[in-house]
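Protein chains: 2
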Amino acid sequence: MQIYKAPLQDIRFNLEVLGYDEIAGFSKYEDFDIDTAMAIIEEAGRFCTNELLPLNRVGDEQGVQWDPETREVKTPDGFKELYKRFVESGLLGLISPVEYGGTGAPTLVGIAMGEFVTATNKSFSMCPGLTNGLIEALEHCGTEHQKNHYLTKLVSGEWSGTMCLTEPQCGTDLGLMKTTAVPDGDGYILNGTKIWITFGEHDWTDNIIHMVLARLPGAPEGIRGISAFIVPKINEDGSKNGIYCAGLEHKLGIHASPTCVMNLEDAKGYLVGEAHRGMRAMFVMMNAARLTVGLEGVAFSEIAYQTALEFAKDRRQMRSLDPAKQELDQPADTILVHPDVRRQLLNIKSTTEGMRALCLYVAKQIDLSKNHADEAIRQESDDLVTLLTPIIKSYCTERGFQNVSDAMQVCGGAGYTKDWSIEQFMRDERIAMIYEGTNHIQALDLVGRKLPIEGGRLARTFGAQITKLIHASKEDPRMAEFLEPLKKASKTLTAVTMQLGMKGMEDHEEAGAAASNYLNIFALTSLAYVWALQAHAALDGDSRFHRAKIKTARYFMHHILPEMDSLVAIMDAGKQHMMAFDTEDF
Amino acid sequence: MQIYKAPLQDIRFNLEVLGYDEIAGFSKYEDFDIDTAMAIIEEAGRFCTNELLPLNRVGDEQGVQWDPETREVKTPDGFKELYKRFVESGLLGLISPVEYGGTGAPTLVGIAMGEFVTATNKSFSMCPGLTNGLIEALEHCGTEHQKNHYLTKLVSGEWSGTMCLTEPQCGTDLGLMKTTAVPDGDGYILNGTKIWITFGEHDWTDNIIHMVLARLPGAPEGIRGISAFIVPKINEDGSKNGIYCAGLEHKLGIHASPTCVMNLEDAKGYLVGEAHRGMRAMFVMMNAARLTVGLEGVAFSEIAYQTALEFAKDRRQMRSLDPAKQELDQPADTILVHPDVRRQLLNIKSTTEGMRALCLYVAKQIDLSKNHADEAIRQESDDLVTLLTPIIKSYCTERGFQNVSDAMQVCGGAGYTKDWSIEQFMRDERIAMIYEGTNHIQALDLVGRKLPIEGGRLARTFGAQITKLIHASKEDPRMAEFLEPLKKASKTLTAVTMQLGMKGMEDHEEAGAAASNYLNIFALTSLAYVWALQAHAALDGDSRFHRAKIKTARYFMHHILPEMDSLVAIMDAGKQHMMAFDTEDF
Chain X
9 MQIYKAPLQD IRFNLEVLGY DEIAGFSKYE DFDIDTAMAI IEEAGRFCTN
59 ELLPLNRVGD EQGVQWDPET REVKTPDGFK ELYKRFVESG LLGLISPVEY
109 GGTGAPTLVG IAMGEFVTAT NKSFSMCPGL TNGLIEALEH CGTEHQKNHY
159 LTKLVSGEWS GTMCLTEPQC GTDLGLMKTT AVPDGDGYIL NGTKIWITFG
209 EHDWTDNIIH MVLARLPGAP EGIRGISAFI VPKINEDGSK NGIYCAGLEH
259 KLGIHASPTC VMNLEDAKGY LVGEAHRGMR AMFVMMNAAR LTVGLEGVAF
309 SEIAYQTALE FAKDRRQMRS LDPAKQELDQ PADTILVHPD VRRQLLNIKS
359 TTEGMRALCL YVAKQIDLSK NHADEAIRQE SDDLVTLLTP IIKSYCTERG
409 FQNVSDAMQV CGGAGYTKDW SIEQFMRDER IAMIYEGTNH IQALDLVGRK
459 LPIEGGRLAR TFGAQITKLI HASKEDPRMA EFLEPLKKAS KTLTAVTMQL
509 GMKGMEDHEE AGAAASNYLN IFALTSLAYV WALQAHAALD GDSRFHRAKI
559 KTARYFMHHI LPEMDSLVAI MDAGKQHMMA FDTEDF
Chain E
9 MQIYKAPLQD IRFNLEVLGY DEIAGFSKYE DFDIDTAMAI IEEAGRFCTN
59 ELLPLNRVGD EQGVQWDPET REVKTPDGFK ELYKRFVESG LLGLISPVEY
109 GGTGAPTLVG IAMGEFVTAT NKSFSMCPGL TNGLIEALEH CGTEHQKNHY
159 LTKLVSGEWS GTMCLTEPQC GTDLGLMKTT AVPDGDGYIL NGTKIWITFG
209 EHDWTDNIIH MVLARLPGAP EGIRGISAFI VPKINEDGSK NGIYCAGLEH
259 KLGIHASPTC VMNLEDAKGY LVGEAHRGMR AMFVMMNAAR LTVGLEGVAF
309 SEIAYQTALE FAKDRRQMRS LDPAKQELDQ PADTILVHPD VRRQLLNIKS
359 TTEGMRALCL YVAKQIDLSK NHADEAIRQE SDDLVTLLTP IIKSYCTERG
409 FQNVSDAMQV CGGAGYTKDW SIEQFMRDER IAMIYEGTNH IQALDLVGRK
459 LPIEGGRLAR TFGAQITKLI HASKEDPRMA EFLEPLKKAS KTLTAVTMQL
509 GMKGMEDHEE AGAAASNYLN IFALTSLAYV WALQAHAALD GDSRFHRAKI
559 KTARYFMHHI LPEMDSLVAI MDAGKQHMMA FDTEDF
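Keeping their order, the protein sequence lines are chains X and E.
Read in order, the letters of the first sequence correspond to residues 9 to 594 in my numbering.
Read in order, the letters of the second sequence correspond to residues 9 to 594 in my numbering.
Quick caveat, the hints were computed from the structure, so don't treat them as lab data.
Treat the hints with care, as some may be off.
A pair counts as met if it fits within one copy or between any two copies, since identical chains are not told apart.
[Unchecked claim] Pairs of lysine-lysine, BS3-like flavour, derived with a Cα cap of 25 Å:
1. K155 - K92
2. K426 - K82
3. K155 - K36
4. K13 - K92
5. K333 - K511
6. K321 - K259
7. K559 - K511
8. K496 - K559
9. K259 - K426
10. K13 - K496
11. K82 - K248
12. K321 - K186
13. K161 - K82
14. K496 - K161
15. K248 - K161
Treat the numbers as computed from the prediction; the structure is a model and nothing was measured.
The following block holds chain X by itself, in its conformation from the complex:
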């Protein structure tokens, strides 16, 4: 059973709430008014539903095969052709620069439609996702020659991209990296082993362009001695470069996405950016990637919700507890009448729509930060992106997993079988909590890097957004029920931020112990903010959609936002009870 309908109405509503016209007002985006944007998004929805979804299960069942003789990877039946159609549809180069053949659409449009690609075929989506990351990194850090040589082919989809960071002894801790690069003519010779390389080898494109981190001779130890290199699978002269797939991981999910061990055996590479400053290029790729990984949580929540809702409308078991709702001409009532089924569905719906709104909000800030004429606004937007990216990556992937599990629960035994696809969504979603920096690494990034910037400037910028909304809507008595919980959450967040600042400044272990709960408190406050924004806009609407928005906003405030209470209490307990354990006590 495969069900998916792109949530177009919700996206258009969000674009309006966010004041999309401001984005379309930039000369760069003059061809993308809201109707054009929505037409693109709608077309993307059609492509994903009609083309990507039907091959999602095939990919899961067949998986990818590695041939130890040729060291090549075979992808599932139909995926190569699907990739061709995807490229032709224009979805790959949608937000890439026009000068390299892209469509040049706003990031907001790219994020809106990106949700559909993940929802309908996560494994497939990873290859274009990495290519887009490489495009962005080369735009920022590549030489003119590199841009000219690689970008057009990447944007056109003729070549694909990868990120080669991890090695067996280093995942989170890239300072332990061992891969070496030695100068050789116009480039470098690289040797080493990389693991977890998504689409490191496949049969969709003529060439694969790897972005590889390695150490130059005499490089400083640790993370400050890492440089970035482009290592193509096929050299410019058409010969095979010394980079090979040495095997695949066998994973819980994303079976159609090859996760490769890549051996660099005297591979020819080209420096990107400055020597020893490789993390810079990599962070460009990673930051963009972290937002889209967060979006995965939204995507899976949405498709799992639609599946569970379909089940709940169809399946009849037991009678409504309210005699007035009983359909006595049927042997039983649909399970949608039961309060607990509603509770589970609304937990999913209210967080999914909240998370989508937050992702689109950040996407808009990316567009503002790149294009606004006013430097102060560019800075403010950039602050919000910097602050909210780790929050989105961690919270949305964790909640997404819970949402998929809740959707499975709605379907009962049927949800546990392959007949309904929720079990695949569960397996495919789970990796999002781990890759692109585990969720706790996001929390440390928030607490250790983002918050301390200028004594909390980023958090203050975000707080000012909340204050602005409160001021703009406080005269409307209908807003009180949304503003009160938002104010309360915001006050709590301010208090725990101060508490964290004081404790964590003196004792970094206290900050580490608090970070994950703190991130979730921040996330819930952010969702309360975007829900209040949405409610404000929906109050003046007159359709069923708008009325349902208000109901969902209410549900969020009363049934999800109070999750903060426990997090605050637990955060308050500090580090002492975890650090009291000796190794042998565990």
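Got chain X sorted already, so can you dock chain E onto it with the hints?
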């Protein structure tokens, strides 16, 4: 990577805390003093680790095969022989009556060792689990002839048992059942289709004894018209009976456990108990099963914890945030030094040990309820079993799933691959939240059936246990830190119970909306109770084990118990926001 060590020390400690001698004092159990009990449990641990665990992954990978020609099921390589060794080890008939060839050990011993069987090979464990359920049902409801004819062969493991309840149109709502039984000579002729039948067909035993629910001619509609029948796969005269496997489900996990569609085609059956009273026999099976399903959450939490701990002790990434803990002769520190890794491990450890203690506590109550000379104590114990069974089934399976997911998170990318077995644990554990009555059905059972008995007698009985502990230990100043949170939780529980009683009496939808959160509030209070019990006993101990118990009890009180706060706030929101949605609003 497969790691498992039976948690023997924790079990012996719990037996002591629970006053095991009281059980061993019953004449029926005179051969089972604590040392004998522990010797049996230890031997079981050895068998599970050495025999069941090595085939766990083989079973997952090979799965079960159904042959549409013969309608027979082939189990994975080695499982048939494993079953033979399991039976020979005496583990199958451990708690079965001596008169039918069982060992006659206390339930407490059976539950203690039952955890290991699930942890090391869940798929395998389901067949003996069902056989034991059938043994119990026949002991209670079978005729003398049925007992003599079936029990010896079931206890010896020559035959296995099943429960055939579900049909395509009815899972939760058994009143919709359609399978028919028509009198025929000394028995009945049954026709219909049953689904989700675990080990409905397999190749381990000569015969399979199905307990089938069906309707007699003229039976009342709904659940009051259902009768129970024994339907053997092979008739007494050696001929094949008309019950066939018509296919297998394809599932997220428990691949080595055949989940069968069973067709009854003029199958010969024999009435168990009275006509139209079939749910009685089935509830005997189900109640026993619900406790062991809850135990699955403990089992998977334990094995996932051990795996994640091993990883955390071995994997080195980053430096400790406390300079004093840095091992500078190593390239990085073990991740066990990081507060968040400890947080995740201790979330698992503190809930696992708490849930185990609660399961063993209920197991002891089962022994008391069956064997104590004083009728008042038998009643009190039975009350506690009746009350706590749905709580254990729901809370432990839900927390177990979260614990396995947290263990995966500790292992990062490695946890997502098949190299470490956590991904299998996740898939195998998830069904426990669904079968034997979904977790929400447990919550409705608690709120709708168990609480109303004599205006809350069961909850008062449980409250009296807490009061007893408080009185017994309040003079000890060291207990204050455990008694205070327990008292607070207990007070909250009393308050929400009253609130639920008042709201839910008038409006059943309010009770339905609150039930799942209420169950979790009850569960957390129960865990606080068994943690205080354990702390009380451990305070006088002088070993590392006892000191770690105290630390873990503290961790529970400060980092897990506050999860109640949010549940209370959300429960307080009532039904209005979920019931406000029309079908089209979802």
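Hint-by-hint comparison with the structure:
{"no.": "1", "hint": "K155 - K92", "result": "within (23 Å within a copy, 67 Å between copies)"}
{"no.": "2", "hint": "K426 - K82", "result": "both (24 Å within a copy, 20 Å between copies)"}
{"no.": "3", "hint": "K155 - K36", "result": "within (20 Å within a copy, 83 Å between copies)"}
{"no.": "4", "hint": "K13 - K92", "result": "within (23 Å within a copy, 51 Å between copies)"}
{"no.": "5", "hint": "K333 - K511", "result": "between (54 Å within a copy, 19 Å between copies)"}
{"no.": "6", "hint": "K321 - K259", "result": "between (34 Å within a copy, 23 Å between copies)"}
{"no.": "7", "hint": "K559 - K511", "result": "between (39 Å within a copy, 22 Å between copies)"}
{"no.": "8", "hint": "K496 - K559", "result": "within (20 Å within a copy, 34 Å between copies)"}
{"no.": "9", "hint": "K259 - K426", "result": "both (17 Å within a copy, 6 Å between copies)"}
{"no.": "10", "hint": "K13 - K496", "result": "neither (36 Å within a copy, 48 Å between copies)"}
{"no.": "11", "hint": "K82 - K248", "result": "within (18 Å within a copy, 47 Å between copies)"}
{"no.": "12", "hint": "K321 - K186", "result": "between (56 Å within a copy, 22 Å between copies)"}
{"no.": "13", "hint": "K161 - K82", "result": "within (22 Å within a copy, 52 Å between copies)"}
{"no.": "14", "hint": "K496 - K161", "result": "neither (51 Å within a copy, 65 Å between copies)"}
{"no.": "15", "hint": "K248 - K161", "result": "within (18 Å within a copy, 67 Å between copies)"}
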